[in-house]
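J.: Make a model of the complete structure from these sequences and hints.
The listed protein sequences derive, respectively, from chains A and B.
Take the first sequence: its letter number 198 is residue 197 in the numbering used here, and every next letter is one higher.
Take the second sequence: its letter number 13 is residue 12 in the numbering used here, and every next letter is one higher.
Do not rely on the hints blindly, as some may be mistaken.
[Unchecked claim] In silico lysine-lysine, DSBU-like type, Cα no more than 35 Å apart, as pairs:
1. A:K366 / B:K164
2. A:K164 / B:K366
3. A:K142 / A:K378
4. B:K401 / B:K142
5. A:K401 / A:K365
6. B:K164 / A:K365
7. A:K142 / A:K387
8. A:K210 / A:K401
9. B:K365 / B:K401
10. B:K380 / B:K210
11. B:K365 / B:K387
12. A:K164 / B:K401
13. A:K366 / A:K401
14. A:K142 / A:K164
15. B:K210 / A:K164
[Unchecked claim] Away from chain A, derived, C-beta distances all over 10 Å, residues of chain B:
16. R12
17. S33
18. P423
I should point out that these hints are in silico values taken from the structure, not numbers from a laboratory.
For each residue, glycine too, the CB sits at the ideal point set by N, CA and C.
2 protein chains.
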Amino acid sequence: MAYTAIELIETKRDRSVLSPDAIEWLIGAYTDGSVPDYQMSAMAMAILLNGMNSDELTAWTEAMLHSGEVMDFSEIAAAKVDKHSTGGVGDKISIPLVPVVAACGVYVPMISGRGLGHTGGTLDKLESIPGFTTGLTPDEFRKVLTEHGLVLAGQSETMVPADRKLYALRDVTGTVPSIPLIASSIMSKKLAEGLDGLLLDVKTGSGAFMKDLVHARALAHTMVGIGASHEVDTVAFITSMSQPLGNEVGNANEIKESIDVLRGEGPADVSELTMVFGETMLELAGVDGGRERLDDAIRSGAALQKFIDVTEAHGGDASVIEDPSLLVRAPHEAVIAAPADGYVTRCDAFIIGVSATWLGAGRERKKDIPDPGVGITLKAKIGDEVAKGDPLAIVRYGDQTKWETQSDTLSSAWTVSERPVSAPELIIERVDVTTI
Amino acid sequence: MAYTAIELIETKRDRSVLSPDAIEWLIGAYTDGSVPDYQMSAMAMAILLNGMNSDELTAWTEAMLHSGEVMDFSEIAAAKVDKHSTGGVGDKISIPLVPVVAACGVYVPMISGRGLGHTGGTLDKLESIPGFTTGLTPDEFRKVLTEHGLVLAGQSETMVPADRKLYALRDVTGTVPSIPLIASSIMSKKLAEGLDGLLLDVKTGSGAFMKDLVHARALAHTMVGIGASHEVDTVAFITSMSQPLGNEVGNANEIKESIDVLRGEGPADVSELTMVFGETMLELAGVDGGRERLDDAIRSGAALQKFIDVTEAHGGDASVIEDPSLLVRAPHEAVIAAPADGYVTRCDAFIIGVSATWLGAGRERKKDIPDPGVGITLKAKIGDEVAKGDPLAIVRYGDQTKWETQSDTLSSAWTVSERPVSAPELIIERVDVTTI
Numbered sequence: 000m001a002y003t004a005i006e007l008i009e010t011k012r013d014r015s016v017l018s019p020d021a022i023e024w025l026i027g028a029y030t031d032g033s034v035p036d037y038q039m040s041a042m043a044m045a046i047l048l049n050g051m052n053s054d055e056l057t058a059w060t061e062a063m064l065h066s067g068e069v070m071d072f073s074e075i076a077a078a079k080v081d082k083h084s085t086g087g088v089g090d091k092i093s094i095p096l097v098p099v100v101a102a103c104g105v106y107v108p109m110i111s112g113r114g115l116g117h118t119g120g121t122l123d124k125l126e127s128i129p130g131f132t133t134g135l136t137p138d139e140f141r142k143v144l145t146e147h148g149l150v151l152a153g154q155s156e157t158m159v160p161a162d163r164k165l166y167a168l169r170d171v172t173g174t175v176p177s178i179p180l181i182a183s184s185i186m187s188k189k190l191a192e193g194l195d196g197l198l199l200d201v202k203t204g205s206g207a208f209m210k211d212l213v214h215a216r217a218l219a220h221t222m223v224g225i226g227a228s229h230e231v232d233t234v235a236f237i238t239s240m241s242q243p244l245g246n247e248v249g250n251a252n253e254i255k256e257s258i259d260v261l262r263g264e265g266p267a268d269v270s271e272l273t274m275v276f277g278e279t280m281l282e283l284a285g286v287d288g289g290r291e292r293l294d295d296a297i298r299s300g301a302a303l304q305k306f307i308d309v310t311e312a313h314g315g316d317a318s319v320i321e322d323p324s325l326l327v328r329a330p331h332e333a334v335i336a337a338p339a340d341g342y343v344t345r346c347d348a349f350i351i352g353v354s355a356t357w358l359g360a361g362r363e364r365k366k367d368i369p370d371p372g373v374g375i376t377l378k379a380k381i382g383d384e385v386a387k388g389d390p391l392a393i394v395r396y397g398d399q400t401k402w403e404t405q406s407d408t409l410s411s412a413w414t415v416s417e418r419p420v421s422a423p424e425l426i427i428e429r430v431d432v433t434t435i
Numbered sequence: 000m001a002y003t004a005i006e007l008i009e010t011k012r013d014r015s016v017l018s019p020d021a022i023e024w025l026i027g028a029y030t031d032g033s034v035p036d037y038q039m040s041a042m043a044m045a046i047l048l049n050g051m052n053s054d055e056l057t058a059w060t061e062a063m064l065h066s067g068e069v070m071d072f073s074e075i076a077a078a079k080v081d082k083h084s085t086g087g088v089g090d091k092i093s094i095p096l097v098p099v100v101a102a103c104g105v106y107v108p109m110i111s112g113r114g115l116g117h118t119g120g121t122l123d124k125l126e127s128i129p130g131f132t133t134g135l136t137p138d139e140f141r142k143v144l145t146e147h148g149l150v151l152a153g154q155s156e157t158m159v160p161a162d163r164k165l166y167a168l169r170d171v172t173g174t175v176p177s178i179p180l181i182a183s184s185i186m187s188k189k190l191a192e193g194l195d196g197l198l199l200d201v202k203t204g205s206g207a208f209m210k211d212l213v214h215a216r217a218l219a220h221t222m223v224g225i226g227a228s229h230e231v232d233t234v235a236f237i238t239s240m241s242q243p244l245g246n247e248v249g250n251a252n253e254i255k256e257s258i259d260v261l262r263g264e265g266p267a268d269v270s271e272l273t274m275v276f277g278e279t280m281l282e283l284a285g286v287d288g289g290r291e292r293l294d295d296a297i298r299s300g301a302a303l304q305k306f307i308d309v310t311e312a313h314g315g316d317a318s319v320i321e322d323p324s325l326l327v328r329a330p331h332e333a334v335i336a337a338p339a340d341g342y343v344t345r346c347d348a349f350i351i352g353v354s355a356t357w358l359g360a361g362r363e364r365k366k367d368i369p370d371p372g373v374g375i376t377l378k379a380k381i382g383d384e385v386a387k388g389d390p391l392a393i394v395r396y397g398d399q400t401k402w403e404t405q406s407d408t409l410s411s412a413w414t415v416s417e418r419p420v421s422a423p424e425l426i427i428e429r430v431d432v433t434t435i
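T.: Following this line, the structure appears as structure tokens:
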């Protein structure tokens, strides 16, 4: 069937439905360059404003997913399950989660991203382990997964090229915040991993991209629907990102906290989310044992050993896992002190994420390279009682000028009040095929 | 003030209002290439779907108009008035209208366009007069206007470059049918002519771009509003384009019919519209005499002489005006015959326009050069009684293969029924600053 980009743009502009054939043609023609950026950006705006129905969304995701190489691990008999988070501050959950479920027999072919905006990225965190290489060839990826049951790598050039191209275009044309485009972008990348099951962590709150529950829920439902239409069991959790997860923000800091979780010594919120997600991934993989089996993997050291094994398989120096004090630390230290006696009623994830980024933990521009040693250790979070002068956070940084521009901003992330409040509910809701 | 294209796209996407400064920046940056096509096409789609308010529209038109050279004829004491049609089939009104009003002392610095889609263009029609050159330098344009009181040329490269660039982009991104974008495109070009008054002919019906009255009315009101905000007296007529205007469609054919009008021998509809528009242009110019003065200009031969003068000033061979049988004619002739006795109840302007284009009178692609001798002479229009076998139209064409592909299509433009219907009302309504 022959199409023209103009007629397809007109179809969406006029609120009609694009056929699966038309979508397949469009994504193919955009990927090979025969449909130019200026047509795709008009289409993206029409989709943002007029939406896509579930058939269009299925076809769009399918076309993106097949725009490049699709992985096939069918020679591995065990179930392959992955997890994706929409991103937050202090969200290091993947790092303890993948080893612990792998230690229970679930195969995890995880492809992660880098920090963008105020959020950190799993790849940047892993690379604070000396030698840890996240850029693997497809053969290396398969080898690490097959040998160890887990792999933690970046996306190769050959996977979902349509998404890479479209994402870059959306970023400069005001067409990022479209639920169908966000959902199909995430799901096309994950479905190209050849999975049996997928767990999605959709964050909501100040430190998340979806600031409010309505949008987070719409995204979760949309992604679970795409998973179902591609016959991949998909469960989404909507979780709170109003304050950072755990006590550590920053690349090496978060590796240290992840190791704590794998040793059974992590902070309650990170440990709990790791375990809830782990249980769900075991379920999705059809692996028995649940929470108890996960606890055993931690207690026995099997989970930590998996992390050591995968670190070595990626060329990393595992001695920092056995002794996290060997991890790099930025040279300077500063303290944010409580301005009054009282209770922390706000510990704003967005502000803390932005400050960490500006101090060097993240990227202001794509080409920036994060400093692994920059980080913020939270000493008081929502609900905690503090006395005036108590540390709210300890900041490690490398550049004094940067710190001076950030100190007031970072301090403004906390509110200390006379009356106590409860910490926010960590898990807001669970969304699966039975609830959409 | 510094802007980024992304924030302005987001503003329009989110249904907020763009400031005049922001619009001026955007149009300037698009014209000089610092805002790329892929951002402008996303903006155009956001405008198409979310609209612009009247302040935005004024600023948008103003910025387009000042993107290039703006003509200034203030050294000519007489009023300068122009006319623009949104385009139709057989719409040659400008050709008799401009000489007749010029013969009454109104100066007309007319910049016209070429045929696009199923419609003809004034420049293509004029160029069927041997030697008639429509591409004038600004100095030549001024000289012809000053000496003769009228000029009929194409747009120079230096006028409204933003519109030329944006129109080409809209054409390939599904963003043509936006009332604010159409209105600002037309009005920026006309206002750059340095006018005192402007008459707009907004066509509606099958052969028009605005197929229905609701959209035609919206466009007319929008353009009259832009005229008012730029202090140019503007009157719009909404006129019928359900059947072609006059009896001739095709370039040389329409020159012949225009000469008939200037001789006082034109078909009733073309002559009437010419006179109504002429009266309004005299009013807009503050020239007395009205219809009677226009009639005198025809009767005395002054109007025809103006057409001869301007033709010679443009390098054209005026002998074809004195003897229209010298105009080029395509070599072959065919007749469309009435399929039954009865009354013509439909004579579809769109189908006739498309057939004329395909036979070679217009352009399928921008680079095509129309054949001036191809044309269709209508022998029966809506309301006429016909006997089976009577000619409905006589077609002149050059390419037998093209005719064979068009003969059935063209025949389908007519419906002959048992009961008579009236011809459609030619002028549907008049819109001016008192009625919007």
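J.: The structure should be examined with respect to each hint, and the outcome stated for every one.
T.: Hint check:
1. A:K366 / B:K164: 33 Å, holds
2. A:K164 / B:K366: With Cα atoms ~32 Å apart, A:K164 and B:K366 stay inside 35 Å; holds.
3. A:K142 / A:K378: Violated: A:K142 and A:K378 sit about 41 Å apart, past 35 Å.
4. B:K401 / B:K142: Given that 35 Å is the threshold and the Cα spacing comes to 42 Å, the pair is violated.
5. A:K401 / A:K365: 19 Å, holds
6. B:K164 / A:K365: 31 Å, holds
7. A:K142 / A:K387: 54 Å, violated
8. A:K210 / A:K401: 27 Å, holds
9. B:K365 / B:K401: The hint holds at about 19 Å.
10. B:K380 / B:K210: 19 Å, holds
11. B:K365 / B:K387: With a Cα-Cα distance of about 39 Å, the restraint between B:K365 and B:K387 is violated, given a limit of 35 Å.
12. A:K164 / B:K401: With a Cα-Cα distance of about 43 Å, the restraint between A:K164 and B:K401 is violated, given a limit of 35 Å.
13. A:K366 / A:K401: Roughly 19 Å between the alpha carbons, so the hint for A:K366 and A:K401 holds.
14. A:K142 / A:K164: Status holds; Cα separation ~28 Å.
15. B:K210 / A:K164: Violated, because 38 Å separates the two Cα atoms, which is more than 35 Å.
16. R12: 5 Å, violated
17. S33: 13 Å, holds
18. P423: 27 Å, holds
In this structure, the earlier hints numbered 3, 4, 7, 11, 12, 15, 16 are contradicted, and the remaining ones agree with it.
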